[in-house]
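Participant: Listed below are the residues making up each chain.
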Amino acid sequence: MTSASRPEPGQMWKRDDPAAAPGDDGNSSSVRDTVPPEDGSPEAEGASTAILSVEALRMWFPVGGFLTRRDAFVKAVDGVTFRVERKETIAVVGESGSGKTTLGRTLLRLLEPTDGRLIFDGTDITHATRKDLMWLRRRTQMIPQDPYSSVNPVFSVQRILEEPLAVHRVGNHEERAERVLRALESVKLDPAESFIGKFPHMLSGGQRQRVAVARALILDPEFIVADEPVSMLDASVRVSILTLLRTLQERFRISFLYVTHDLATAKYFSDRIGIMYAGKLVELGPVGAVLGRPLHPYTQALMEAIPDPDPANRTRARTTLPGEPPNLVTPPSGCYFHPRCPIAKAGLCDQVEPPLRELAPAHWVACHLAE
Amino acid sequence: MPLLRARDLTLHYRTKKGPVRAVDSISFEIEKGTTLALVGESGCGKTSTASAILRILPRNVDRYEGELQFRDTDIMKLSDEEFRKQVRWSSISIVFQGAMNALNPTTQVGSQVAEPLLIHKDIKKLEAMDEVVSTLRRVGLPEYIARRYPHELSGGMKQRVVIAMALVMKPDLVILDEPTSALDVMTQANIMNLLKELQVRQGLSYIFITHDLGLSSELADKIGIMYAGQLVEVGSPDEIYRQAQHPYTRMLMSSAPRLRDEETPQAIPGGPPNLVSPPRGCRFHPRCPYAFKPCGWIASDLIDRLRDELIADRGTDGSPIRGFREVKAQSEGQLALEFEDGAAAKSALHPLESMLAELAGRWAPIGSVDRLSVENRWIVLRLTKPQDPVTLLPAHGASCWLLEGAAT
Amino acid sequence: MPGQAALGLRQAFREAFRTKSGIAGSFMLAVLLGMVIIIPFVAPYDVVSTWGDRSEWIDNPRLAAPAWTEWFAGRDLPETMIFEPSDFRKVRVPSSQFNLTFVVLRKTFTYAADEFPSELTLWAWASFATNSTPNLNVTWIRPDGETVTLLDRGLEIRAPTPNEYPFSQTGTTKNTAQAIRNWALGHNATETAPANKPDPWTYVKPEVTLFAVAGEDMLDFRRAKVLKGEYTLRLDYLGFSTTEDLDAKFIVYGTIFGLAGTDDARRDLFIGFLWGAPVALAFGTVAALVIVLIQTILGAISGWYGGWIDEIVQRFSDGLLIIPLLPILIIIALFYDPGIVVILLVLVAFGFVGSTTKVIRSLVLQIREEQYIEAAQSYGASRARILFRYIMPRVMPYTFALIALSVPSYIFLEASLSFLGLGDPVLPTWGAVIGDAYSDGALYYGYWWWIAVPTAGILFTTVAFALLGYAFDKVLNPRLREE
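Protein chains in written order, with numbering that gives the first Met the number 0: chain A, 0 to 370; chain B, 0 to 407; chain C, 0 to 482.
Chain A on its own, in the form it takes in the complex (with noise of 0.2 Å):
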């Protein structure tokens, strides 16, 4: 007769742990080549180690239809400078109207700068055409944010994670299938010969955004544009994604930058922390200084008002900012943020644009005031 043994809570029953990274298999993952730029120019002088460099970027939308000309553009993103190092991940976090989805997608290339510069791996891509951009579009990629649009529904898993294949016109009809696979392997997505035949809609908000990430991962990018991954996903499916990609990121080397609004799995999930605001970027940093000291009034704003599970939180009013984030068609002068801001000064930051500044080591931020 079996003991009734009642195990003690909190003896944590041996499971395989997700967030292990699996030792890397006998053949590296696929020969990543480095695909020369076409149009043959020189890498930067002094080239870093940044794989991406975005220099005072703007991404400016004309206002008015077809048949209207107007002077007017909504800001989207206004001067945004910063680099992404290889093997990092950043996380852009703002609200919605900070810019932070438009930014994601013109380092991308979906959308021309209207100013600024774009350097990928020593190569300026700010102005280049479709045609000359396909080199990019093998080595950087995008993970969608809604799990009910983020893969094609009419296409099976298979046909799905192919179709970056066939773009590309990688291998032949059986290292498609390897390939396929080992993608749907490397996102847990177990066993990968049971995934391929079924349709998303066959498949839960998690799996979905697995194969999201599959298809991401296909074509073996040094860049990644996560955009909201797992904001339309459940609480505790989130962490298992979010986890995932931590793991993908270590054993593939890939730079991630994860737009956000979610503070606390930026946090999870970041190297660095930007805080946007309006188009601009307001503090820069490593997630410890972000988060641990706050520098920008916004950023201190945004951390007041995420409640974590407290009991107190019942019985006390949150501080929270006053109005509304600005009009990006005639923004405030001056500092962006300065109409809502507890310690705006007058003179100074209804008049003067704050520039980035480094407080602390490799901690920058866009006040007048801070220190």
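Computed footprint of chain A on chain B, listed as stretches where at least three residues anywhere in the stretch have a Cβ under 8 Å from a Cβ of chain A: (1) 175-186; (2) 191-202; (3) 211-218; (4) 254-264.
With beta-carbon atoms standing in for the labels, derived distance ranges: (5) B:Lys16 x C:Arg9: 21 to 29 Å; (6) B:Asp260 x A:Thr48: 26 to 34 Å; (7) C:Val340 x A:Arg158: 36 to 44 Å; (8) B:Glu262 x A:Met201: 33 to 41 Å; (9) C:Ser25 x B:Glu28: 56 to 64 Å; (10) B:Thr263 x A:Thr48: 23 to 31 Å; (11) B:Glu339 x C:Ser25: 54 to 62 Å; (12) A:Thr48 x B:Arg313: 57 to 65 Å; (13) B:Thr263 x A:Met201: 28 to 36 Å; (14) B:Asp260 x A:Met201: 35 to 43 Å.
If you're looking for bench data, these hints aren't it; they were derived computationally from the structure. These numbers come from a predicted model, not from an experiment. Quick reminder that beta carbons are idealized off the backbone N, C-alpha and C, glycines included.
Model the placement of chains B and C on the given structure of chain A, informed by the hints.
Facilitator: What follows is chains B and C alone, placed relative to chain A:
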């Protein structure tokens, strides 16, 4: 006396695949002026609970029953017409998920807020508009907003309009179904502040439905954790956030990345269960790392692993278990191992017991084996009968066999 | 939205054919195709020439109701009796002595119906010498023993051509009619011709009087009763040479015929019905297929590429939507007398943008916003690839639904044109048959089957395609609502 008391509230839907047990016999109480937070992931039944309370039922209802005592009336016993007149909106109202996007884009928001008044009370539009303006003020919107159209308002303002709509008839209880899900963090904080203030000033009671534990702490006086259509734990904020008893609650707490915490979040393995045929016994047991004997395993859960182990054992030299042929599931609670003959079965009994005991250390489901007996050339394994621990909830606050004194 | 799937074409088809309306629609479509298939076996004519040629149908009664109406009539209705020359008993006696030829033809038959025949026609063929004038005497012998001399005259020289002697409705010779009338009046028949008419014999109906019970009602087709029994038609021929001969063919036309009755030109309407099916199906399907496909592709391109392409297509579409198609087709038909292929081409020319273009464009605009489209751009898929491989499969189920739903409109359009006499002049389309029926006052006179049969054809086809379209719609629409 509690403002609302639910006993065995049940709502099942009919589907092609069978009845979906969306809300399965839940019971709770809300005192006047307090908030009950219903927390759970998508598919746990929290929105269906709101539908059940307000009797907003789809066409394919399979079962709808239970007791709902509001003040001193069992509102489940009211006719649809009586319910509509006396309860819905005038006593209990709701802010739906994504309601701000469901505002009529062609009508001024003031008229939309006035609608419940015009439907329920016999008053003229002008009188109603007075009431509308005062309600808008209470939710922090100036009077001129009444004449605006939804597309002219920001997300936060629209949500305040929707809250005004829920308050205009001055109900006692408001159900808030993910009221801030589509809003920015700042706006969310503002709306939560507003809801707190309204509760204090007007003595409102809330049922606050959310999947976000952090957010629930903003309003909750009592928290109910829902899983697979059942309430698995109910407790005060201190109890739930600091000393949760149910494994699901604990795993839920540790699965969300925390801003002010350094703990590494842990995902909950597996996925939400099928509500047409949920797991036997405790619905959470397939995903629970602490599951043990009474939690609900049945023969089909055990058979493959048992067979593998016995076949592997058969291959080893000097194994004391001889003559094993095959294992079959005879019923949900019974497995039969077939041996070559009666003698082989008899001699395999004790070694088998030891093997099972050892296996139980590695693989919990074996723990559900209750009794072994030899019958001719079979050894019959009888499993513990799965029992749903929900009955433990009223007494212990959580429905789990792990609780002291709760195990069978 | 959880659990709802957007559908590819194959999945949509499979689901559509599982719905009740899908099954019903496909069944009906199968029936139509079955009709088309049995045509070579049942009606293997060269339909074009046959339908227009009156002589092909001469053995059929005019305006006869379908045979199965007898069930509802509760009485015995007469079917057509055709007596070929070989059915007659012939006695031919040439006399070289007198240089004469006598020929006697007799046919005895039983008439047992409760109603009178619709028509009687007698053909006689005589071959005689050019200079002579033979004499032909036609006698009618009734079961009640009465005999009526229908004809007794010399034949004109027209050898050896057949002489047709219809003596029933149209072209009844005055003599025959008078003979019948006089005989009837002599047997107490009440005069039915209005008073003071100079030509009372034109009111005689031989097919009634010759078969009527003797009495005062003999001339009154409303009150006369049928005399059932054995009748004999006898032709006595006297020719003035020895090489002459006589043959006759006699038809007692009934009032019922076949599965669908006959029309004014004695055409078997069932054959017309059968022959209408392939025309309707072919025309409707081809028109719908071509036009909806063109509009779909244009709508998709317009929605996907946007910009000036979109503007142009939209303006064209707005312009063409205003143009009323039927009046233009009428004008063209009046001036150019087109065949069915030309009508089709005109439809396509005016139909390459239309409401489908707008519908598909909206659909594509919606699909365009979905995130996997943007993801595809990020892995380098070209715009053409995205349009044809990702977007079109989502669009095709709607296209099919629209095709199925527009087939009836094109069938109607063709039927309308034919009805107005402006369609293809030679094909027996359902619309053409209805047109004939209408212009001959079919409903006014009570020849309901003439209109009912082709109308049933159009209705059946319309319902078949509407059910198919509806099946697709049911499968697609819940998705559409959630999308």
